[in-house]
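Engineer: The residues making up each chain are set out below.
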Amino acid sequence: MTDSKADFNPFGKLTYLVIDDFENFRLSMRQMLRSCGADNIELVSNANQAIQYCTYNHVDVVLCDFNLGEGKNGQHILEELRHKKLLKRSSLFLMVTAETSKEMVMGAREYQPDAYLTKPINRAMLEKRLGALISQRNVLMPINREIDRENYPEAISLCLQALPRQPRYKTWLMKTLGDLYFQLGDLAHALKIYDDVLAQRELSWAKLGRCKVLLAKRSLDEAVDGLRDLLAKHPDYMEAYDLLAEGLERQGRPTQAQQVLEKAAEHSPNALLRQKHLAELAGSNQDMDTASDAWRRTVELGTHSIHDNSEHYLALGQTLSDLSEGDLEEEGAARAKEALAVLKKMEKRFDGEEDIGLRSRIVQCRVYAGQGQDRQAAKVLESIRPELQDTATLNAQTGLDYAKTLFRMGQETEAKQLLGEMSERFSDDPDILQKIESLLDEPVGFRQKIKARTLNRDGIRSFESGNLQEAAEIFSKALEIVPDHASLNLNLVQVLMKEYGNNPDSDLLRRCQSCLARLTGLPEQHRQHRRYIALQRKLKGLME
Amino acid sequence: MNDQNIDFSMVLASAVHDMKNSLGMLLNSLDELRSEHEESLGESSRFNTLQYEAERMHNDLVQLLGIYRLGENNLSAHIEEHFVPDFLTEHLARHTPLLQGLGIEVSVEAEDINGFFDEDLLTGVLNNTINNAIRYTRSKILLTAGERDGYLVIGVEDDGKGYPESMQHTGTLNFKSLDFKSGSTSLGLFFASSVAKLHSEGDRSGSIKLHNGGSFGGGVFEIWLP
Chain A
1 MTDSKADFNP FGKLTYLVID DFENFRLSMR QMLRSCGADN IELVSNANQA
51 IQYCTYNHVD VVLCDFNLGE GKNGQHILEE LRHKKLLKRS SLFLMVTAET
101 SKEMVMGARE YQPDAYLTKP INRAMLEKRL GALISQRNVL MPINREIDRE
151 NYPEAISLCL QALPRQPRYK TWLMKTLGDL YFQLGDLAHA LKIYDDVLAQ
201 RELSWAKLGR CKVLLAKRSL DEAVDGLRDL LAKHPDYMEA YDLLAEGLER
251 QGRPTQAQQV LEKAAEHSPN ALLRQKHLAE LAGSNQDMDT ASDAWRRTVE
301 LGTHSIHDNS EHYLALGQTL SDLSEGDLEE EGAARAKEAL AVLKKMEKRF
351 DGEEDIGLRS RIVQCRVYAG QGQDRQAAKV LESIRPELQD TATLNAQTGL
401 DYAKTLFRMG QETEAKQLLG EMSERFSDDP DILQKIESLL DEPVGFRQKI
451 KARTLNRDGI RSFESGNLQE AAEIFSKALE IVPDHASLNL NLVQVLMKEY
501 GNNPDSDLLR RCQSCLARLT GLPEQHRQHR RYIALQRKLK GLME
Chain B
1 MNDQNIDFSM VLASAVHDMK NSLGMLLNSL DELRSEHEES LGESSRFNTL
51 QYEAERMHND LVQLLGIYRL GENNLSAHIE EHFVPDFLTE HLARHTPLLQ
101 GLGIEVSVEA EDINGFFDED LLTGVLNNTI NNAIRYTRSK ILLTAGERDG
151 YLVIGVEDDG KGYPESMQHT GTLNFKSLDF KSGSTSLGLF FASSVAKLHS
201 EGDRSGSIKL HNGGSFGGGV FEIWLP
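Going line by line, the protein sequences match chains A and B.
The first sequence lines up with residues 1 to 544 when you count with my numbering.
The second sequence lines up with residues 1 to 226 when you count with my numbering.
Keep in mind that the hints were calculated from the coordinates and are not lab data.
Owing to the predicted nature of the structure, the values given are computational and were not obtained by experimental measurement.
A virtual CB, placed ideally from N, CA and C, is assigned to each residue, including glycine.
Check each hint, because a few of them may be wrong.
[Claimed, not checked] Pairs of lysine to aspartate or glutamate residues, derived as EDC-like cross-links and limited to a Cα-Cα distance of at most 20 Å, are as follows: (1) B:197 <-> A:202; (2) A:119 <-> B:203; (3) A:233 <-> B:120; (4) A:128 <-> B:109; (5) A:233 <-> B:112; (6) A:233 <-> B:81; (7) A:175 <-> B:81; (8) A:128 <-> B:119; (9) A:233 <-> B:72; (10) A:170 <-> B:112; (11) A:119 <-> B:119; (12) A:119 <-> B:120; (13) A:128 <-> B:32; (14) A:128 <-> B:53; (15) A:170 <-> B:53; (16) A:233 <-> B:80; (17) B:197 <-> A:236; (18) A:192 <-> B:80; (19) A:128 <-> B:105; (20) A:263 <-> B:72; (21) A:170 <-> B:111; (22) A:233 <-> B:201; (23) A:233 <-> B:86; (24) A:170 <-> B:80; (25) A:170 <-> B:119; (26) A:119 <-> B:36; (27) A:128 <-> B:86.
[To be verified] Here are some of the chain A residues that sit facing chain B, going by a computed Cβ distance under 10 Å: (28) 24; (29) 45; (30) 124; (31) 137; (32) 167; (33) 174; (34) 199; (35) 200.
The shape of chain A in the complex, shown without the other chains (with noise of 0.2 Å):
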C-alpha cells in the first residue's frame, strides 16, 4: 500500500500509560512501543497510581491489565476514569488480558474498552492493531470531539457526512448515530438507524439498540418480544437482560423480571450495578433470600468500584434483618450478627457521612428487636430518639426506616404521626408516597407481608367468583394480620354492603362502620382516600 504520508509516524504525537503489574510486562510493552515509534510513554503498576496519573495529565492510550493482582483490576480502572471523566471519549483505552474469551471481563453494563488485546502480544501485533486503532481513532476524532463537548447534533451531521466516505468504519459510525439519536430523544431516527442496519443483516447490536428505542417508545410487549427473541440466540448477551428485566418490570411483571436478572447474574456475576438491580427487585417482590443474596454481592463488589455506596450495606443490613425478625433459631441469629456486623463496617467505611451513625442504629434497633433482645433494642431506640426530634428536615429514606423502627418497637402513634407528616412534605414525590403508603398499610414483617397479600387476592378472586360470605371471611383474616391495610379495610367494606343488599342486617354494617373507624387520619395524599370517602357516603346513605 502507498500512502502519501507514509513517512508520517502515528503513534509518534501520542501519550501512552500502561498499567500492569509485572514489571517485566511494563518494560517490554514499553520496547515494543517505542519500536513502533512511540514515545511519551509512562508506566505504572497499579490503579491508584493510573487515576492519580490521569487526574493531572493527558493520556492518548491507556494499556491496561486485567489482573492486576490484589484490589482494582482492570475493569474497576476504565470504570473509574470514564466515570470521573479523566479519560475523554477520543481517547483510547485497550484491555490486556491472559484470556482468550472475555467472560471474566465481559457483561460490564457500561464502559466497554475500546479493544481487547489477547496475551502473548508481540510487536508485530501490537503495530497492526494499535496502528488500526490509532488511524480509527483520528479519522473519527472530528466526531468524538463534539461529543465530548455534548454538541450532539453536531456529532449527528458529522457521523452522516462520514459515512458514505468512510466505508471501514460504518459499523461504528452506525452505532454512534443511533446512540446519538437515542440521546437526543429523536425516536424515530434512532429506529431508522436500526432498521436500516438490520434490513440489511440482522445484526445482534442492531436489534438490541432497536428494542431500547421500543422500550423508550413503550411499544413494551414488542420490545420484550424482540429481546426474548434475541437472547434465545445469544444467551450471553448481556444488556438484553438488563433490557428485559426492564421492559418486564415496566409490563408489571415484576416476578418474570427478577428471573431474567437471576440468569444473567448467573452468566456473569461481576457486574454491580446489575446485582443491585436484581436485589432491589426481589426485595420488593418480598424475596428476601434472593434479595439478600444479591446485596451481599453488591456489597462485595462495590470492595473496588467507583459506584460502591454505603446504602448498599443498609440495604444488606436491612434485608438480613427482615429475616432474621422473630427466627430465633441459628439461622436467624446468624443473621442479625451478620446484619450488625455489616452495619459497623459501613460505619467505618463510610466514616463521615452525613447520619451515618444513625441510619445504622435505625437498623440495628430492629435487629435486636427480632432476636427477643428487647432491653438492647429500648437502649439503641433512646438514643437515636433525641437526634430525630426535628422530624422536619429528616430525608425521605431515613424517616421511612424510623418509622419501620418505630412501628417494631409498638410505636404506632408516634410512627403514623411522623409518616403523616411525612406525606405533606414528599406530597408531590409519588415514589415515596406509595413507599408512605405501604408501610401505613403493612407495618409488619415480610412472611405476614406475604401472608396477608396472599389472602387479599384469594379474596378479591372470591368476591369475583360471588361468593360473598367467603370474601368477607378472608378479607377478615387479612385484617388481623395488617388491621390498618387501606385497601384490604375497604375492599371488605364493598363486600358487606354488597351482602346488605341481598340481606339487610344491621349487623353486617356496624362492621362496615368499624373498617371505616380505622381509616380515620388516613392522609388526604394516600392513593385510597377517594376511594375511603366515597364509601363513607355510601355507608352514611345506607343508614339513615
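Dock chain B against the given chain A, drawing on the hints supplied.
Structural biologist: Relative to the frame of chain A, chain B by itself:
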C-alpha cells in the same frame, strides 16, 4: 465418582482454561526471548520448534474450550461487520515472528470488502489453519479473501504436498466423524466447521472446503461465510 457428583467435563474445562493461560504466558516469554536474542535465536530450529509446538498446544486448548462451550450450548457467534483486509493483516501479525524465524514467505491477497463474522471465533479458526499450513508448507503461505456466490470466502493456501485424498471434502463435519484412533483427530477441522455453521444468515449457513491446488498447487483451506 458419581457419588461425589463431580461434573467431570466442567473440571476438565477449568483445567484446560488454566493450561491455556499458562501457555499464553509461555508464548509471551518466547516472543520476548526471540526479540531480545534476535541474532542467536532467529534461525534456531530448536527454538522455532519450541514456539511452534507451544502455539499448537495453545490452539488446541482454545479449540477444546470452544467445543466444550458448543456442547453446553453456550457458544454463539457475535457477528459484526469487519473490513476484511484489516482483519487478515492484523491477524497475520501474531504469526510474524515464527514465520520469519522459519523463513516462510507470507502474503495477503484480499479484496477491499466488508464481511460479517465473529472476530474471535474466526481468529481461533485461522490460528489453527495457519499453524497447520506452517507445518505442511515448504516455503510459502497465502491468505486470500473475496466474495463468491454471495459468500465471503477466506482461504489459506500453502505450497506443500496438499491434503491427502481422505481429508478433502466439502461441507460440515459432525462430531461422530472424528477419529480418535488415528494420530490426527481433525479436531481443528471439526472446530472450524462448527464455527462456520454458527455463522448463518436467513437459510444460508457457513461451511468449510478442503482441496488442493490454488496459486501454489498445495493445500487450500477455505471457510465460506454467508
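Engineer: Taking the hints in turn, state whether each one holds.
Structural biologist: For each hint, the structure was consulted:
no.	hint	verdict
1	B:197 <-> A:202	16 Å, holds
2	A:119 <-> B:203	37 Å, violated
3	A:233 <-> B:120	17 Å, holds
4	A:128 <-> B:109	17 Å, holds
5	A:233 <-> B:112	30 Å, violated
6	A:233 <-> B:81	18 Å, holds
7	A:175 <-> B:81	11 Å, holds
8	A:128 <-> B:119	15 Å, holds
9	A:233 <-> B:72	14 Å, holds
10	A:170 <-> B:112	14 Å, holds
11	A:119 <-> B:119	16 Å, holds
12	A:119 <-> B:120	14 Å, holds
13	A:128 <-> B:32	18 Å, holds
14	A:128 <-> B:53	24 Å, violated
15	A:170 <-> B:53	39 Å, violated
16	A:233 <-> B:80	15 Å, holds
17	B:197 <-> A:236	18 Å, holds
18	A:192 <-> B:80	19 Å, holds
19	A:128 <-> B:105	18 Å, holds
20	A:263 <-> B:72	15 Å, holds
21	A:170 <-> B:111	17 Å, holds
22	A:233 <-> B:201	13 Å, holds
23	A:233 <-> B:86	28 Å, violated
24	A:170 <-> B:80	11 Å, holds
25	A:170 <-> B:119	16 Å, holds
26	A:119 <-> B:36	18 Å, holds
27	A:128 <-> B:86	9 Å, holds
28	24	8 Å, holds
29	45	18 Å, violated
30	124	4 Å, holds
31	137	14 Å, violated
32	167	7 Å, holds
33	174	9 Å, holds
34	199	13 Å, violated
35	200	9 Å, holds
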